[in-house]
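Construct the complete structure from the given sequences, taking the supplied hints into account.
Just so you know, the protein sequences line up as chains A and B, in that order.
By numbering that gives the first Met the number 0, the letter at position 481 of the first sequence is numbered 480, and the numbering carries on one by one without gaps.
By numbering that gives the first Met the number 0, the letter at position 563 of the second sequence is numbered 562, and the numbering carries on one by one without gaps.
Hints are computed from structural coordinates only; laboratory data are not their basis.
Hints may contain errors.
[Stated by the list, open to error] Here are the simulated distance ranges between beta carbons:
(1) B:Arg341 with A:Val297: 37 to 43 Å
(2) A:Lys120 with B:Gly483: 47 to 53 Å
(3) B:Thr447 with A:Glu355: 39 to 45 Å
(4) B:Gly483 with A:Ala222: 50 to 56 Å
(5) B:Asn557 with A:Gln112: 35 to 41 Å
(6) B:Ser353 with A:Asp574: 25 to 31 Å
(7) B:Gln309 with A:Gly327: 49 to 55 Å
(8) A:Lys399 with B:Arg469: 27 to 33 Å
Built from N, CA and C at the ideal position, the CB exists for glycine as well.
Protein chains: 2
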Amino acid sequence: MGNRTNTILQSAFFRITGVIPVDLAIEQMKKFIVKSYGKKGEDVVNKNYAAVDRGGEYKQLPVDPSWANLPDEDAEVNTDPAFINQVVRPINAQDGDLLPVSAFKGIEDGTWQQSTAKYEKRGVAAFVPEWEPENCIQCNKCAYVCPHACIRPFVLDQEEQKEASFTTLKAVGKQFADMTFRIQVGVLDCLGCGNCADVCPGNPKKGGKALVMKSLESQLAEAPNWEYCVDSVKTKQHLVDVKANVKNSQFATPLFEFSGACSGCGETPYVKLITQLFGDREIVANATGCSSIYSGSVPSTPYTTNDKGQGPAWANSLFEDFCEFGMGMELANEKMRARIARIMTEAQDSDCCSDELKALFKEWIENMLDADKTKELTEKITPLVEGCDCKYCKEIASLKHFLVKRSQWIIGGDGASYDIGFGGLDHVIASGKDVNILVLDTEVYSNTGGQSSKSTPVGAIAKFAASGKRIRKKDLGMMATTYGYVYVAQIAMGADQAQALKAIREAEAYPGPSLIIAYSPCISHGLKAGMGKAQQEQEDAVKCGYWHLWRYNPALENEGKNPFLLDSKEPNWDDFQNFLKGEVRYMSLMKQYPAEATELFNAAQENAKWRYNNYKRLANQAWGTEA
Amino acid sequence: MGNRTNTILQSAFFRITGVIPVDLAIEQMKKFIVKSYGKKGEDVVNKNYAAVDRGGEYKQLPVDPSWANLPDEDAEVNTDPAFINQVVRPINAQDGDLLPVSAFKGIEDGTWQQSTAKYEKRGVAAFVPEWEPENCIQCNKCAYVCPHACIRPFVLDQEEQKEASFTTLKAVGKQFADMTFRIQVGVLDCLGCGNCADVCPGNPKKGGKALVMKSLESQLAEAPNWEYCVDSVKTKQHLVDVKANVKNSQFATPLFEFSGACSGCGETPYVKLITQLFGDREIVANATGCSSIYSGSVPSTPYTTNDKGQGPAWANSLFEDFCEFGMGMELANEKMRARIARIMTEAQDSDCCSDELKALFKEWIENMLDADKTKELTEKITPLVEGCDCKYCKEIASLKHFLVKRSQWIIGGDGASYDIGFGGLDHVIASGKDVNILVLDTEVYSNTGGQSSKSTPVGAIAKFAASGKRIRKKDLGMMATTYGYVYVAQIAMGADQAQALKAIREAEAYPGPSLIIAYSPCISHGLKAGMGKAQQEQEDAVKCGYWHLWRYNPALENEGKNPFLLDSKEPNWDDFQNFLKGEVRYMSLMKQYPAEATELFNAAQENAKWRYNNYKRLANQAWGTEA
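Here it is, written out as structure tokens:
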């Protein structure tokens with residue numbers, strides 16, 4: 000059962016406590032194992048049976064009675080913020096009920112301090128990656144795929160290197176001259192999925208991987224190294240173009256870290272990447288679903304800030320209105336910025352503002368939709384307007400948080416996007432507004448317990464589709480392309496890291512609505528290889544034709560080119576059904592309903608081919624020959 | 000102002016009654032004319048001014064004081080059903096408040112008697128068509144387009160001809176040997192739009208039209224002729240295949256007649272046609288909107304029954320759930336029919352039923368999805384099961400209304416379909432269920448007062464788009480095609496009567512979800528040529544590229560053919576902007592915002608071309624060459 004110990008512990012609990020007769024407890028546990036896992040086959044049932052039996056191997060350990068009253072070490076000596084000690088830790092210790100109302104003074108509106116997740120240091124992984132520098136080619140792919148942002152590349156200058164007590168490599172790249180490089184693992188934050196080690200190409204010349212999974216105990220010495228890197232090594236992201244490629248993107252500090260997502264989660268690497276690219280000016284409207292739970296379950300907030308104190312603003316709404324919720328944010332933002340532009344225009348004719356400021360205002364108005372330019376101008380404008388007492392400057396100073404062009408994101412799962420919130424999603428993309436919708440597509444309602452959505456493909460087992468779904472997966476992306484002015488992409492990070500990055504970058508840059516559908520392996524899929532292979536599963540999915548990579552970029556059509564780009568190569572269809580057999584959601588259909596499984600798996604393959612052929616026709620269509 | 004007399008009457012009212020000083024009344028009327036119609040241009044304002052002035056031309060007529068107490072002629076001597084006399088007429092006379100609760104005994108659930116509209120005989124048209132038999136080629140196009148089902152072809156046998164006191168022609172067609180033909184107008188039901196006369200091709204050899212608009216007074220003698228045709232001439236629809244072509248379709252009795260829709264309504268001819276093709280087994284789930292108002296505003300019910308007492312069942316739900324409402328009907332129907340099949344299967348092994356009945360049961364099970372076959376079998380099975388006392392026959396007899404394959408329709412406007420009910424529409428078409436959705440596309444929320452919908456094209460003025468809509472019309476049809484298993488069509492009856500008929504026939508026959516988007520000119524468009532040209536406007540729309548005709552038939556793909564068929568010819572784009580200028584919704588933009596009008600009309604044309612080119616590429620794509 001790998002890392003799963005809950006059945007062993009439950010069995011031990013019954014044996015030790017005797018709350019019900021032990022024989023009855025064991026019998027009932029085994030009965031429910033058959034009920035819960037019977038569909039998944041004899042092998043799974045037997046493994047669970049074995050886990051129940053292993054509950055008998057408990058040992059009695061003496062406990063010093065004085066331990067019962069030991070003070071909490073952390074609470075005594077740490078230098079963490081008061082909010083962490085006085086609010087977050089009591090809640091995590093299940094003492095939230097004891098908090099007085101006054102503990103929430105100033106945040107009565109529900110605002111919650113960001114960055115609280117990093118204080119958890121759960122240390123729950125059985126195995127964590129160990130970095131083998133001699134095999135590392137500094138590609139940063141490990142950091143790119145990490146669902147919990149707990150493996151990161153650090154670049155140290157000579158000053159920082161002096162204080163460091165760990166191995167480093169000479170940093171590759173001329174912008175890092177005289178600097179050193181290290182992959183550092185946050186071993187107490189890691190959930191031990193192993194995707195980093197799985198995607199690590201290692202050094203082709205030497206053969207070995209640069210990351211090897213080792214027991215947590217053996218890696219505890221890395222904890223202070225992580226603290227040093229995170230706290231004392233300054234980011235070098237300004238030395239590279241972080242949007243240029245996968246490697247560079249990982250030099251940007253992730254502003255989403257240590258969430259409560261499952262080990263190996265297929266969704267969070269996308270969420271994290273967006274914070275690395277746009278986090279300092281990002282606003283997120285999040286649908287209900289897994290992503291709303293791991294992004295903000297009190298008291299844990301994984302969204303955090305950069306060294307300037309800037310980070311994403313995040314809020315959660317319902318399945319059915321998440322896109323409208325995000326569009327409201329965008330409209331409010333547009334209005335505030337239009338107001339700035341109006342004041343700056345009025346100021347041109349006044350005597351109060353300096354010529355320098357007037358020129359800056361003019362430049363801002365001309366570039367107000369350019370993120371980099373407005374960042375630059377904001378740094379110049381802010382101190383000047385704050386230092387001036389005229390009515391124009393005072394009002395602009397009061398609106399200074401709107402000076403930088405924002406990046407509006409709307410994030411939801413397939414249940415929200417394909418089904419319950421689809422009417423709103425359609426209305427929002429139709430609006431033409433500059434919002435970016437990220438669909439974390441697990442092909443099932445993951446968080447509510449595995450109900451079938453319109454994204455669930457033919458043949459998959461889900462609630463409301465217990466004998467296999469009988470209708471095709473909806474092609475949400477193609478629907479959005481019919482507007483002609485919506486940027487659309489289907490991505491799968493594990494299949495093509497560069498394509499995923501490119502699509503996210505293009506979507507954000509496109510000055511209109513964007514929709515990115517991101518394939519996200521999930522524990523509900525039951526990967527036989529385990530969630531440590533979540534990235535590999537994406538690669539397999541694309542290679543066999545289960546998932547297709549494409550982009551539809553209206554900007555290309557404006558240049559007279561075909562806006563549809565098929566990024567997937569011709570699949571190897573022979574592998575399609577083997578791929579299905581590697582996931583319990585399909586495999587269990589074969590065990591329960593073999594005849595239906597054959598029929599539905601063939602239908603699934605036919606449908607995947609049908610979709611691919613449609614995409615191919617679109618990609619190959621003659622373009623620019625019309626009247 | 001053509002048929003519009005309300006302004007003249009209002010002006011006369013103020014002059015006669017003196018409820019406020021006449022000068023003030025005239026001044027205020029003119030002020031509000033500028034407010035209401037200023038946008039539509041000086042010409043419209045001046046016509047309204049002239050109407051106000053014409054209110055001064057009233058004449059005093061003496062009224063016999065005894066008339067005040069004359070009894071209602073109709074109520075005294077007629078032979079109409081009690082429900083009409085006791086419930087419908089009091090409500091129409093605005094005496095509904097006086098009805099006792101007991102008047103509604105037996106219909107407490109809201110059920111309303113069908114066919115009440117035919118008793119209204121409003122006689123409100125100023126002009127009605129007169130049939131000129133010498134120019135008639137018996138094409139029946141006039142009946143096809145009539146929004147109110149008040150012009151119909153009748154075929155009389157020798158018996159019926161003997162009793163008739165009107166002119167007839169020898170009926171064309173060998174199935175009508177020895178029979179005569181007549182186009183009969185229901186002059187008291189007609190609203191005088193004139194579309195029948197407009198579409199009449201006349202006799203090319205003789206040159207004249209077969210329908211000419213004449214004053215109602217001159218045509219009152221036709222009223223008893225209509226009564227004779229409707230009441231005493233039996234339908235001859237069984238002699239032809241009514242689904243085969245436009246001409247034949249009009250020999251079928253319309254089961255939707257004399258609704259309260261506007262004169263020249265672009266929607267009702269589609270609704271009526273569906274009742275002619277499938278009305279005896281049709282169920283309608285109707286969204287809120289114009290179609291829910293004219294289809295069932297107490298006490299008027301235009302849905303009616305055929306000579307066997309069979310007709311559509313109709314109910315109305317909300318904008319936001321109309322498709323789910325219809326899908327619920329379909330599911331309930333499926334369940335009841337599955338139950339019949341189960342009982343019939345069980346009966347095979349029993350001793351109770353006769354061998355004849357068992358054979359009929361077997362045949363029914365094999366053909367339960369075939370409309371014609373189940374009609375035939377129902378006539379044989381019903382008397383037999385009603386005459387038998389076994390438990391199987393008893394139960395089947397109790398379910399006899401489910402024996403015939405039903406035709407499930409879901410009808411709504413563009414507001415319901417493109418916007419508020421779209422999430423549900425998408426969910427229902429995704430389900431794969433055998434429902435037929437008809438979208439009556441007026442490109443605006445007609446019934447609620449002209450708000451912009453996602454169907455409203457670029458440049459049109461509507462509420463929430465007062466300076467012209469700035470984003471493109473949504474392509475609802477193309478979205479639906481992405482499922483691959485949804486039959487989709489765009490039609491415009493006035494542009495291609497045969498294509499509209501073919502699409503409706505194919506949609507209904509397709510054993511899965513169907514979506515038909517029907518272009519429907521509306522008074523809210525402000526046709527400069529008037530609603531008497533509503534059919535011609537559709538032809539112009541298609542010829543200039545404003546509207547496109549196409550069908551997507553998944554059944555073709557199953558045969559290895561391209562499922563997408565473009566039925567529109569290459570438009571004459573030079574006429575596009577002239578077309579826009581023929582409708583107030585566009586024209587008023589030119590008057591108010593000439594610069595925006597130029598920009599938006601160009602954008603509208605570019606978008607129409609973009610859509611057409613996409614359709615053309617789809618229609619011309621290489622097919623069947625894939626792996």
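Now for the hints, and whether the structure bears them out:
A hinted range of 37 to 43 Å for the beta carbons of Arg341 (chain B) and Val297 (chain A) is inconsistent with their spacing of about 53 Å. Remark: the range hint 47 to 53 Å for Lys120 (chain A) to Gly483 (chain B) is upheld by a beta-carbon distance near 51 Å. Between Thr447 (chain B) and Glu355 (chain A), the C-beta spacing of about 53 Å breaks the proposed range 39 to 45 Å. With their beta carbons about 54 Å apart, Gly483 (chain B) and Ala222 (chain A) fall inside the hinted range of 50 to 56 Å.
At about 59 Å, the CB distance of Asn557 (chain B) to Gln112 (chain A) disagrees with the hint of 35 to 41 Å. Taking the beta carbon of each, Ser353 (chain B) and Asp574 (chain A) are about 57 Å apart, not inside 25 to 31 Å as hinted. For Gln309 (chain B) and Gly327 (chain A), the Cβ-Cβ distance of about 51 Å falls inside the hinted range of 49 to 55 Å, so the restraint holds. Distance hint check for Lys399 (chain A) and Arg469 (chain B): the Cβ-Cβ separation is about 30 Å, which falls inside the suggested range of 27 to 33 Å.
Of the numbered hints stated above, those contradicted by the structure are hints 1, 3, 5, 6, listed in ascending order.
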